[in-house]
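Participant: Here is how the chains run, residue by residue.
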Amino acid sequence: MAKKQSQQRSDPRQKLCPFCPKEVRFIDYKDYPTMKPYIDYFGNIRQRYYTGVCLKHQKMLKTAIERARFMAMLAYRK
Amino acid sequence: MLRVDFVRESPMSTPVLTSAIEDNRVYEIAVLYPYPMQQKEEQQLLKSIEQIFDDVGAKQVAKDAWGRRGLAYPVGGLREGNYVILYYDMAPEKVKDVEQQLKILKGILRHMIITVPKNYPFIAYAKAFEDWQVQRVASVEREEREREEKLKQQVVEKAKRQTKRATKKADATSTTPVRPVESLDVQIDKIISDDSLNL
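From first to last, the protein sequence lines are chains E and B. For the first sequence, the working numbering gives the first residue as -19, with consecutive numbering after it. For the second sequence, the working numbering gives the first residue as 182, with consecutive numbering after it.
Hints may contain errors.
In silico BS3-like cross-links for lysine-lysine, where the CA-CA straight-line distance does not exceed 27 Å [claimed, not checked]: (1) E:16 x B:299; (2) E:42 x B:350; (3) B:299 x E:2; (4) B:244 x B:333.
Hints are computed from structural coordinates only; laboratory data are not their basis.
Chain B extracted, bound-state conformation:
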């Protein structure tokens, strides 16, 4: 499972985001825009977002387009949206301008600018989330299979127990009534043949 454990020594395979210039910082910008959107409009929107950062003189470090995702609650009457996560290396004074421009920009539902901690390992969450979903489905299926197997075993054991009980009962019924009948006959004979009773 790809969990972000943020271990102190992150593995070398994941690229680490650091700003090239000393005073600059890496910022993470998350943008949510509506899902049913025509391709032309979408491209224009993304271009205009990137244009805002270009005007300020920011440098794109990484980009992670999540694409279509269900929303936890309706935003602007929509139940689905597109996510784009952008990483920009820019001067801290410019954040305010960018924020203002993003607020003005049309066609965006939500946006958020946050600072990223030092040596932040870039992880493509779009893929990580999909992997996680696949794994979860697999685990659910496996659990169901195990449960079914357990049920089957239980049924088999129950059937075995029942047959055992049935055989035991049959044994009991076949053996026990023979003896008293015999003994009764013998007793009756004895009684009949007994002269002292004077029947």
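One chain only, chain E, in its complex shape:
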């Protein structure tokens, strides 16, 4: 039981969306540097739970990454 508690975040509100303070309205699929931290080694999109991105921006990220994948700027699977 004690182990389970330690794995949980102490305060779930502490993680903030990195896009929200900048008021990002659109994430560009050509912008590799901004998308890079949200893709793991295998080319998958990182989960919101780990990155702390809000749902609105996660959806934007998803479209951007999928577009970049189609244009062969990002890998589907490494």
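Given chain E, work out where chain B should sit, using these hints.
Facilitator: Frame of chain E, contents of chain B only:
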């Protein structure tokens, strides 16, 4: 670092793409074509792409030629390709025609037409990407230098500690054995000179 933060009030230095006519919209067309290509062929291809849009009556707003870029996965057996990003101001009904024409066009690996959000600031990603790469290389180098300096400091500290320990040991060895030897001699003398033992 040139990250697209898309702040609500974008800086005035970046040109904003907006359509001149009310019903028209700005579209972004990305085209991927193979890299090892002769200059004549390349020019012809680009001309034919632009011709498609001219026929429809679209107006070019901006253009960003990225040039040679490595691909994340092989497309048509190629590992490298050329990218061109075009911005056109055109009527929404014409997109279908353009899409069809681009599908038919030979010598293109991939193409994509997307709408651009309102007041989209035009950023030349070709340059931005290069800048980012240069910065990343610089940062990697800096990290390596810092790591090396740290290692050097660690080595120096270790050497200092070792010398300290060695001096301490030397002190200990030089001081301690003298006393017992003396005391032993004295004891032996005492024992020898002791008459009560009858040696």
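Participant: The structure should be examined with respect to each hint, and the outcome stated for every one.
Facilitator: Results for each hint:
Between residue 16 of chain E and residue 299 of chain B the alpha-carbon distance is near 25 Å, which keeps this suggested pair within the 27 Å criterion. Of the supplied pair hints, the one linking residue 42 of chain E and residue 350 of chain B is violated, its CA atoms being roughly 65 Å apart against a limit of 27 Å. As the CA atoms of residue 299 of chain B and residue 2 of chain E are separated by approximately 18 Å, the hinted pair is consistent with the 27 Å bound. Between the alpha carbons of residue 244 of chain B and residue 333 of chain B the distance comes to roughly 50 Å, so the proposed pair goes past 27 Å and is violated.
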